[in-house]
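Whole structure, please, built from the sequences with the hints as guidance.
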Amino acid sequence: MAVTETGVAAPDYEEAELYTRVFRVGAFGQCWRQQLEPPDLSLAVEAAADADAAVAAELGCTADTAAELRAVCSIDMLMPSDKEKDPDVIPEDSSLLTLRIRKKALERREEVIIVDRACRQETLAYEMESYAAGKRPDNPTDVVDEGELLLTLNIFYPVIFQKHKDHKPYQTVLVLGSQKLTELRDSISCVSDLQIGGEFSSHPDKAPEHISKDLYKSAFFYFEGIFYNDKRYPECRDLSRTITEWSETHDRGYGNLQSVKMEDYTFNDLALKIGFPYLFCHQGNCEHIIIITDTRLMHHDDCLDRNLYPLLIKKHWLCTRKCFVCKMYTARWVTNKDSLAPEDPCFFCDVCFRMLHYDAEGNKLGEFLAYPYIDPGIFN
Amino acid sequence: MSSVPGLQEDCEELLSAFQEADTVRFERFAELWRERRFHTVFYGRIRALERNKLTKKTLELAQQYFLPPYAFQIRVGALYLLYGLYNTQLCQPKQKIRIALKDWPEIQRFQQDLIDSQHYDAVYIFRTLRLARAFHFTAMPKLLNYRTKKKIQEKEFKEEFKDPSNRVNSLITNDVLEELMNIHDHYQKMKCVISADKSQPDKALSLIKDEFVVNLKDITLEHQEWQQNRMKLFLNAKETGEIPNKKEEESLLESEGSERASALARIKYKSYSAVIEASKSRRHRQVKLESSESGSNYGKSPNRSRRNRRPQPVRRRDSLEIKGEMQMAKEAVSQHIGMPVITEENSDEEEVSVPKRKRRC
Chain A
1 MAVTETGVAA
11 PDYEEAELYT
21 RVFRVGAFGQ
31 CWRQQLEPPD
41 LSLAVEAAAD
51 ADAAVAAELG
61 CTADTAAELR
71 AVCSIDMLMP
81 SDKEKDPDVI
91 PEDSSLLTLR
101 IRKKALERRE
111 EVIIVDRACR
121 QETLAYEMES
131 YAAGKRPDNP
141 TDVVDEGELL
151 LTLNIFYPVI
161 FQKHKDHKPY
171 QTVLVLGSQK
181 LTELRDSISC
191 VSDLQIGGEF
201 SSHPDKAPEH
211 ISKDLYKSAF
221 FYFEGIFYND
231 KRYPECRDLS
241 RTITEWSETH
251 DRGYGNLQSV
261 KMEDYTFNDL
271 ALKIGFPYLF
281 CHQGNCEHII
291 IITDTRLMHH
301 DDCLDRNLYP
311 LLIKKHWLCT
321 RKCFVCKMYT
331 ARWVTNKDSL
341 APEDPCFFCD
351 VCFRMLHYDA
361 EGNKLGEFLA
371 YPYIDPGIFN
Chain B
381 MSSVPGLQED
391 CEELLSAFQE
401 ADTVRFERFA
411 ELWRERRFHT
421 VFYGRIRALE
431 RNKLTKKTLE
441 LAQQYFLPPY
451 AFQIRVGALY
461 LLYGLYNTQL
471 CQPKQKIRIA
481 LKDWPEIQRF
491 QQDLIDSQHY
501 DAVYIFRTLR
511 LARAFHFTAM
521 PKLLNYRTKK
531 KIQEKEFKEE
541 FKDPSNRVNS
551 LITNDVLEEL
561 MNIHDHYQKM
571 KCVISADKSQ
581 PDKALSLIKD
591 EFVVNLKDIT
601 LEHQEWQQNR
611 MKLFLNAKET
621 GEIPNKKEEE
631 SLLESEGSER
641 ASALARIKYK
651 SYSAVIEASK
661 SRRHRQVKLE
671 SSESGSNYGK
681 SPNRSRRNRR
691 PQPVRRRDSL
701 EIKGEMQMAK
711 EAVSQHIGMP
721 VITEENSDEE
731 EVSVPKRKRR
741 C
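For the record, the sequence lines run as chains A and B. Count the first sequence with my numbering and you get residues 1 to 380, in order. Count the second sequence with my numbering and you get residues 381 to 741, in order.
Don't read these hints as lab results, they were simulated from the structure. What you are looking at is a predicted structure, and each value in this text was computed from that prediction instead of being measured. Quick reminder that beta carbons are idealized off the backbone N, C-alpha and C, glycines included. The hints are all genuine.
Derived DEER-like restraints, expressed as beta-carbon distance ranges:
no., chain 1, residue 1, chain 2, residue 2, range
1, A, R24, B, E486, 17 to 25 Å
2, B, R510, A, D116, 35 to 43 Å
3, B, R510, A, K104, 34 to 42 Å
4, B, E415, A, I378, 52 to 60 Å
5, A, D50, B, E486, 21 to 29 Å
6, B, R510, A, Q30, 18 to 26 Å
Below is the structure:
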């Protein structure tokens, strides 16, 4: 493992190409900042100009050499002298294997008449990735600091559908090193937070407004043997206590599992492995796997508005379930043991549900059990 | 992330052309780049999302050649390649080059080496990239997503790109040899002291070869020379094998001096060139086959030549002998590629590659 000049070990693989050893996030950022110069860390829009004199000084050569270097090493040396060609057209006589393969693929598509347009999922994905790039806030105090760390997290959805078992869908979130864990917790949107508990066939209008998110506020993160519990509200409980007690009863080989408060910690305070799965648990039993895929220094092309973080840059598109009757609106109700419905369970939008199951006065028709339904695709 | 098809071949082709040019000047690299019109590697109807991914993968591939264990020249070539790819990419805003913290000290050292050896163009280019903020300073070079199911392809390094591995040299260094010498002398002295005759040790005490340290030193030096020669010949053989063939042809004409021999030599030369002139992208691989044939066929040669000699018709025998001599001459050139120890099998080497090649042509 490479040791940098400050004596702190740089992050390196513990398991090759899979995940790294544990390292302290804050110390890592410190290490990089010490090794770099202010121009590397600057978040200014324009890069600093490069004078010949500065070149000569750094290289130890004459100013003439510097000027010559500027001419010889310019990008124009790599561009052809003929006029700018259209980047969409692959040149006919290319010597590059990459282009020949690409051309063949394009020709194949033309032959078979496969139309290649951006579908809405692709457009959404691209927009999410790039809409915040380079954004600066109106208020200058909201600008991210230079040398700030940026972590990329993949938060996996709890598996709901069978088809997701092999390739778990995930969302990608960017967080700043100086942000608290609670900010990340608040930004994670999970369908289980919106569930409304209870059976409402007899009184559909009285479905309460309270969603599970308001009722069950406890949550915890698990990173490297420490549980970070959300204790901001009095009704939050320590969900991790069950686990710590279980591991302490016998020697199960987990060492000391500690439990601390989530709101006291920022990402810079944590010790993490990159590429290693960790846990986020809320609602008592809704578990999300979290993997930190990347940690790096802030760059001037990233989003520089602190208020936009944690920033969602990638989301899995889930198809919403539509009403069985009209097939147009998203389902809001699900019924079980419904004598009026062709299948069990059956999904209805609000309008169709009331039209089918209640008469003009609002009396219940037939026997059924009805529950409010929140579709996982609600976040699309 | 799956790789871009054909990209590794193109990059390696460019880098080996740069290595053959035997220079680290950016002008030379720029010439090679312009010849291949490398900036078109991003062309083709690619939409924005795909283009971002493609550019990221391209830069990641090029970045791997920038770090050890690749040879110095390849690393400079990779630096130029990164410069070219970064500036000719079509993404807006530009995709950046990732540098991990663990690799940074090595890159600093590389930079210092370049300054010390006054390769100003390479230093200038690195400085330009840095000032343009083309780097992302990260923890690890790739994004890690715990993909246990994904098969990690072993990247095959091209042998020519790597510095020759100096395992023997790093084990038997000068210090080690010196110390061995000292210990040896001390041991001899101790033996003398306890022997009856003070000037030399007892016969009963001679349990090791006296010359052992000197032999070790000689063997190490020989190994080093062999390694250097091998690399040199390897690189030389990469250029079309016509050159060694021409030499053979000349020596053949001299020794035989007969028309038939020259006619046969001409035929053989043509058939050799037919094999050699493979497509440009496969050029080095094809030639690799030739040179390694002589090296790797040691085990197979006796059986093969014995089998093939007998059914040869009489007419052919002459030509075979001639070919054999030619082959021997070639073997003499390429003999150095094999370990110097094996010399007895030379006579058996003659027709090994020849029948093979005949079948192929």
